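> Can you make the complete structure from the sequences, with help from the hints?
Residues per chain are reported as follows:
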Amino acid sequence: MKRQVPLVLCFVFGIVMILTQFSPHSFSQGVYKEVISWALIIGPFALVLATVTLIQTHTARIRRRTEHWQYSLVVFAGLIIMVLIGIPFGPQNTIFEWLYNNVQLPMDATTFSLLAFFIVSAAYRAFRARTFEASLLLITALIVMMGNVPVGDLIWNTVLFWTPWEDGTSWWRQWILDNPNLSARRGIILGVSLGVISQSIRIILGIERSYLGGGD
Amino acid sequence: MVKTIQWMTICLVLCLSVGTVFSQGLAPPSNVTAVDTPNDDGSSITITWDAAAEGSGISGYQILRRIADGELEAVGDLLPAETAMYVDKAIEKGTAYVYIVRAVSETEATVDSEQTAPVEGKGEWFHTGKTPLFIAMLLFSAAIVWNIYSARSGKELFVRRIPGLEAVDEAIGRATEMGRSILYSTGLGGVSGVATIASMTILGQVARRTADYETALRVPCRDPIVLNVVREMVKTAYLEEGRPDAYNEDDIFFLTESQFAYAAGVEGMMLREKPAAIFLQGTFYAESLILAETGNSVGAIQIAGTDSEHQLPFFIAACDYTLIGEELYAASAYLSREPMLLGSLRGQDWGKLLIFAAIVLGVVLELSGVSWITTLLQRVS
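In order, the protein sequence lines correspond to chains A and B. Heads up: the first sequence is residues 1 to 216, going by this note's numbering. Heads up: the second sequence is residues 217 to 597, going by this note's numbering.
By construction, these hints were calculated from the structure, which means they are not laboratory data. As the structure is a prediction and not an experimental result, all values here were calculated from the model. Each residue gets a CB set at the ideal place from its N, CA and C atoms; glycine is no exception. Hints should not be assumed to be uniformly reliable.
[Unchecked claim] A partial selection of chain A residues facing chain B, derived with a Cβ cut-off under 8 Å:
| no. | residue |
| --- | --- |
| 1 | 29 |
| 2 | 54 |
| 3 | 60 |
| 4 | 181 |
The structure is reproduced here in structure tokens:
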């Protein structure tokens, strides 16, 4: 019973939500919006549970004095400060906004900026011309990179001026992006779309039910 | 004095005559029709008319409407002269409206069209423009359902080898031998994301093996709902493998909802705990390479899988194995080898075959100068 009810609900709502995509009538669009808003209601309840697990995890870390346990104190300090300011005064409060803009955003930006270094190290490994495919990747990447900077065309027009292409690196870069790259991407997107439909059908029909967890 | 008055009268008469001649030259908009906009929820009416020819002197159009026996009111702004259609979205459902299209000249002279028949907006139950899409969806769904149920007969189905999934056992075995943990990230997607559901399904299979091998499985979650579902799934996997004692709820925990804070948190775990195997399965954005490169730097065997095609190159460059797009969705069938799930994969292949045939047919027809298939697809999109 614990499984049957969710499976029936999943089937009914799955079919209804599919049908709403083909019906522009205000009733079906109303049903769609209503169901989506129900799903949103679940979020805050789950967030409470998540906050409890966060507190439990970090309390345990502090109690056991695990490696770098001091950072858990920072988590609690951040949590308490933001809750004490955010709940009574709201998210538009000056201090709350200041903390968000001057603490959280710069930290996010710092983590994001690490990406530049990781791209270099990943590119170094990927572009080592040890196989035919890796060599092809290296040449393609070089053309695309050169096509993205003005000096690429300058070099092309100086050295390869006798070729039929003016601004050749830009032209080849665009050709690579528009043809082989786009074709491969669309192939992946088609596969993903069919995979999503197939997975959805398995879920709606109750064949794929591992996401339901346990219980009969 | 008398002469001045005579001259002024003549000028006035001449001006009026010229104005009349010009206003008579301004033709009223023709073929004005107002219809309920097809395939909408009944919240608009479409008005069409023949666009003015060049040199007609019309500088724009003003749409006027009225409810039966009501006053005429202007709708929207003055439309440019080349306009031949207007969609009135400010209507009340169930109310009949009559429309007039007023042509306006450069001298601001106006001439009205004949009024249209009364029309009211009605919502349609089925979007006729999506009929080909609906039929394609039915055909594809039928193919999958047919294959699912035909697979119940027990017929052996061939599924091509997916190295990323073959390596799951190897990764878990390696972690067990090294006595280190396994880190599993379901990505940034919510529970409604199909990629996240696929990821959780793979996690269920991984949990069965970690229960057998008694290997620690750490799952940091970004979404609170995903956290709860994942806990239930892993707990069930351990129960079904007869190892409820090995299940540790604290190993599956909420990290944060913030994208880069999540990335930093998972990175920290990788550097501190040095897991032997890392699974990055689900929806990922800019943090994909941050996670994959950090995992690589600690020497973990990494199996990634995502349907975010922009992140795939990063995973391919930094991970040992990558499930590309649809392989992520095939994982549950591949790992569990359940006939019904494998049947759905064959249905999926039928769909791909159909699309491939449509592409080839479309190219051949287009090269032969026949473009109905292209027109049909453009209409659907």
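> With reference to the structure, classify each hint as holding or not holding.
For each hint, the structure was consulted:
1. Interface restraint check: residue 29(A) against chain B, minimum CB-CB distance 6 Å, threshold 8 Å, status holds.
2. Interface restraint check for residue 54(A): the shortest CB-CB distance to chain B comes to about 5 Å, inside 8 Å, so the restraint holds.
3. Taken as an interface hint, residue 60(A) checks out: its beta carbon lies about 6 Å from the nearest beta carbon of chain B, inside 8 Å.
4. Annotation: residue 181(A) was flagged as interfacial toward chain B, and the flag is violated, the nearest CB pair being 10 Å apart, outside 8 Å.
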